[in-house]
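Given next are the chains, with one letter for each unit.
Protein chains: 2
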Amino acid sequence: MDGLVCSKTPDRIETRVGFMGVESRKMQRIRMIIEYDGSGYHGFQVQENAHTIQREIESKLLQLTGHPTRITAAGRTDAGVHARGQVIAFDTVATIPPFRFSAALNSRLPPDIRVLESSAAAGDFHPRFQASKKTYSYLIYRSQPGRVFFRNYAFCNTELLDVKAMQEGARLLVGRQNFKAFCASGSGVKNFERQVTKCLWEEIGDILHFCIEADGFLYKMVRNIVGTLLEIGRGDYDPEYIQKIIAGQDRNMAGVTAPPQGLYLMNVRYE
Amino acid sequence: MDGLVCSKTPDRIETRVGFMGVESRKMQRIRMIIEYDGSGYHGFQVQENAHTIQREIESKLLQLTGHPTRITAAGRTDAGVHARGQVIAFDTVATIPPFRFSAALNSRLPPDIRVLESSAAAGDFHPRFQASKKTYSYLIYRSQPGRVFFRNYAFCNTELLDVKAMQEGARLLVGRQNFKAFCASGSGVKNFERQVTKCLWEEIGDILHFCIEADGFLYKMVRNIVGTLLEIGRGDYDPEYIQKIIAGQDRNMAGVTAPPQGLYLMNVRYE
Chain A
166 MDGLVCSKTP DRIETRVGFM GVESRKMQRI RMIIEYDGSG YHGFQVQENA
216 HTIQREIESK LLQLTGHPTR ITAAGRTDAG VHARGQVIAF DTVATIPPFR
266 FSAALNSRLP PDIRVLESSA AAGDFHPRFQ ASKKTYSYLI YRSQPGRVFF
316 RNYAFCNTEL LDVKAMQEGA RLLVGRQNFK AFCASGSGVK NFERQVTKCL
366 WEEIGDILHF CIEADGFLYK MVRNIVGTLL EIGRGDYDPE YIQKIIAGQD
416 RNMAGVTAPP QGLYLMNVRY E
Chain B
166 MDGLVCSKTP DRIETRVGFM GVESRKMQRI RMIIEYDGSG YHGFQVQENA
216 HTIQREIESK LLQLTGHPTR ITAAGRTDAG VHARGQVIAF DTVATIPPFR
266 FSAALNSRLP PDIRVLESSA AAGDFHPRFQ ASKKTYSYLI YRSQPGRVFF
316 RNYAFCNTEL LDVKAMQEGA RLLVGRQNFK AFCASGSGVK NFERQVTKCL
366 WEEIGDILHF CIEADGFLYK MVRNIVGTLL EIGRGDYDPE YIQKIIAGQD
416 RNMAGVTAPP QGLYLMNVRY E
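Going down the list, the sequences are from chains A and B. The first sequence begins at 166 in this note's numbering and counts up one residue at a time. The second sequence begins at 166 in this note's numbering and counts up one residue at a time.
Hints in this document: simulated from the structure, not taken from any laboratory. It is possible that some hints are incorrect.
In this list, chains with the same sequence are indistinguishable; a pair is considered to hold if it fits within one copy or across any two.
[What the hints assert, rightly or not] Computed cross-link-like contacts, SDA-like style, restricted to lysine to any residue with a CA-CA straight-line distance of at most 25 Å:
1. Lys225 / Val313
2. Lys225 / Gly311
3. Lys225 / Arg312
4. Lys225 / Phe315
5. Lys298 / Phe314
6. Lys298 / Val313
Only chain A is shown next, with the shape it has when bound in the complex:
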C-alpha cells in the first residue's frame, strides 16, 4: 500500500485495492461538473435507505472502476433541489483517462443526472472547502400552484408581490455579514459570516428569478432568504427590516423556508 498517496482516501478503497493486488496502480483524483434534476431524489448526500444523487453516482462509479469510492460535492443539495453546475470529486485507481469519465459515466447514469465535464484534479482538491464562489438561482412561477410543467422546477405563486421592495431587501443582503438568522438549525457550523457578492431579482415573463452569489452558504440559507424576501414582497414588513434580521442573528426573525423545487445550484468557482 505504500505507493498510494492520496489525502482523505476512504479505507475501503485501500482495502479493495490491496485485495485486488493492484497496489502499484496510481490513485488519481477526478473532478466533475454535473447537472441533475433533484425531483426524484432525497437530496445529494448518502442516507440509509434513501435514493440520493451521491448513492446513484457512487454505485455507477463502482461498476465503472471496479472499486468503491466516495464522492465529495461543492454543495450538498436538499431533496427536490436541482443543480446545473455542481462540482464533485473522487479518487480512483482505474486507468481511464480523466476526460473520458464523463462519457463512460453518462452511459450508466439515469437521464436525470448528467456529467457535463470531467478532468484531472490535484490530489488535495476538495470541491467544497476550496470553492471561492457559488451561485444559486431560485425560480418563482407566477401561476396557480400545481401547474404541470413547473411542478418540480419552480415555486408556483400568484400572490400580489411588490418586486421593487423585494429587490431593495435583496440589495441589503450584499456584503460581508452574519447570516445566522438565515441558517436552519442542525448544521453544526460555528462561523456564520459570509460574503454575498450578488443578490437580485429579475422578472422574465411569468418568472421571477432570484440570483445569489457568495463565498459560501449556510444550511438552507438561500431558501430562508427567498422566504423572507417573499414576506417583504407581500408587505409583511419593510425592506429595511432585513438589517434588523441580520443584526438579530435569530432564525425566528426571518421568514419561512421557501419550497425546494425552485432552487438550483448554478455554478461553483475556484481561485
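Once you've looked at the hints, dock chain B against the given chain A.
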C-alpha cells in the same frame, strides 16, 4: 332508461345507470381544459396494458362519479407528447355542478395531469369534430442531447441550422393544401386537405420555438413538418422544395419524424 338522452353514450354507462336504479338522473356532458406532462404516459388514448392519459382520467372519474364513462379529446397525443390546453368531454349522471369537476378531479389526479377548467357542454359537443382551430408548439433546445432539464420537454439539437431557410419553408406551408406527404401511415383518414393559418419559427434565447395553427392535423403531421423543416435548416434542400413535397403527396419525400418530447398541444378553439 327513456329519460337518458345523450348522443354517443357508451352502453356501459346506461347499463350501470340502470343497475343503480337512478334512471331518473339527468345525464350531463362536461367539457374540460386539461394540461399534462406526457413524459410518463404511452400517449393519450386507452390501449391494452398501457398507462395512458385517458385511462388515468377515466379511472379517477369512475371514483368520482361512481360510474364508468368514456372521454373524448380534441387531439389524441402520442407517447411523450405534452398538452397545455387539451380539451376533453364526457357524460355523467353525477349531480356534481360542472364547474366543480376541476377541483374534484385534481384532488385525485397525479401531479402530471391537471384540469384547468371544467364547464357544462351541449349534449352533442364533440371536442375533436367540432374544433375549428388547434395550435401546436414544438421546442428545440440548442444544446447537447441529454441535457437534464430539457430531456422530456424539448428536442436537444446542436446542429448548425439556417433558421431563415426554415422560416421560409414554414411560410410555404400556410394555406389550404393537401398535407398527405406529412401524414404517417395508419391513420385511416381520406381527406388530407387542411387549412394552415399560422406556421412560423421564433428564436427565444437557446430555444427555437415552432408554432403551427390549423383547422385540423393529420397523424404525426406536426412532427413530420418539423423534421422536414430541420432538413431544410441543415441545407439538405431549399425551402421551395416544400411545394414539391406538398404536390407529390408522398410521405417519402418529406423529412423524418421529429421526436415527441418537443411537441405541445397548446390550445383548441371552437366557433
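To see whether the hints hold, each was checked on the structure:
no.: 1; hint: Lys225 / Val313; verdict: between (31 Å within a copy, 17 Å between copies)
no.: 2; hint: Lys225 / Gly311; verdict: between (34 Å within a copy, 18 Å between copies)
no.: 3; hint: Lys225 / Arg312; verdict: between (34 Å within a copy, 19 Å between copies)
no.: 4; hint: Lys225 / Phe315; verdict: between (29 Å within a copy, 23 Å between copies)
no.: 5; hint: Lys298 / Phe314; verdict: between (31 Å within a copy, 23 Å between copies)
no.: 6; hint: Lys298 / Val313; verdict: between (33 Å within a copy, 23 Å between copies)
The structure fails none of the hints (numbered hints given earlier).
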